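> Sequence:
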Amino acid sequence: MSIGNSPSDDRPSVGRAIQQARIDARLTVEEVSSSTRVRIPLVHAIEQDDFSRCGGDVYARGHIRTLARAVNLDPGPLVDQFDAEHGGRPAPTPAAPLFEAERIRPERRRPNWTAAMVAAIVAVIGFVGFTLFSDGQKGGGIPVAGGDANAEKPAPKPDPTAPAKHTTEPEPSDSAIAGLPKDKVTIKVTARDGQSWISAKDSNGKLLEDGLLKQGDSKTFTDKERIDLVLGNAGVVQLYVNGKEVKQVGDKGSVERLSYTPGDPQAG
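Just so you know, we're using our numbering here: the sequence shown kicks off at 1383 and counts up by one.
To be clear, the hints were calculated from the coordinates, so they are not data collected in a lab.
Keep in mind the model is a prediction, meaning the values are calculated, not measured.
Heads up, none of these hints are tricks.
Result set (DSS-like, lysine-lysine): computed pairs, CA atoms no more than 27 Å apart in a straight line:
#, residue 1, residue 2
1, LYS1564, LYS1629
2, LYS1583, LYS1626
3, LYS1596, LYS1570
4, LYS1566, LYS1601
5, LYS1564, LYS1601
6, LYS1626, LYS1588
7, LYS1601, LYS1583
8, LYS1601, LYS1634
9, LYS1626, LYS1564
10, LYS1596, LYS1629
11, LYS1566, LYS1626
Derived Cβ-Cβ restraints for the label pairs, each shown as a range:
#, residue 1, residue 2, range
12, SER1417, LEU1594, 17 to 25 Å
13, LYS1564, LYS1601, 18 to 26 Å
14, GLY1645, GLN1597, 26 to 34 Å
15, ASP1592, ARG1393, 28 to 36 Å
16, ALA1501, GLY1576, 49 to 57 Å
Quick reminder that beta carbons are idealized off the backbone N, C-alpha and C, glycines included.
Given only the sequences and the hints, what does the whole structure look like? Please build it.
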């Protein structure tokens, strides 16, 4: 990615437009950084049309939207201008199938010992039953009821007047929720559909994570009071808060700022 240049018309460049709007709003770079969670050096770079530190066009668009809203600008025209100056937004391409070799390779089947044992038991029972039946025919027939005191008694019939016994099984509990401490907030972030830039801080402002999360990677954070998150390219992120999945995290390319506590998931 290269440093953006001003377009050929009279419009200011993307960075200059954000900078002028910030000055008109009487905001400092530090104040904009504090409200948007975009680092101060990155704000300076974007205002100088240097998008090389954003980590890619997707993150650059997200930062442009975030900074534009912070200085009361409509982010749509700025993002369109950025795309026009940087070759346009690439068309989405279908992801290549993962681990194709593993799917093509036939899976080795393990011998089903359980089915073999059941078949052997059935064969033994059938042989024994056939032998007893043959011996009974040779000895003059099968003994009738009353001729043998040790003959098996028929099983008692159920009493239709007796109240039916109801057995209730407890509903299955969510093990992911039950296993988490109730007095803490636990957050798991997974880059499910692509890579995402994440930043996480605890309730004391300590930085827990600040970097790029590659596709398929996960990070888990825990604190007694609160965890603050900043998610770049939020639409590719799968987020669990206290064992519950947050369904709508954000759009692809957007930057979302979230805070969570030990209670139910609440967007900060």
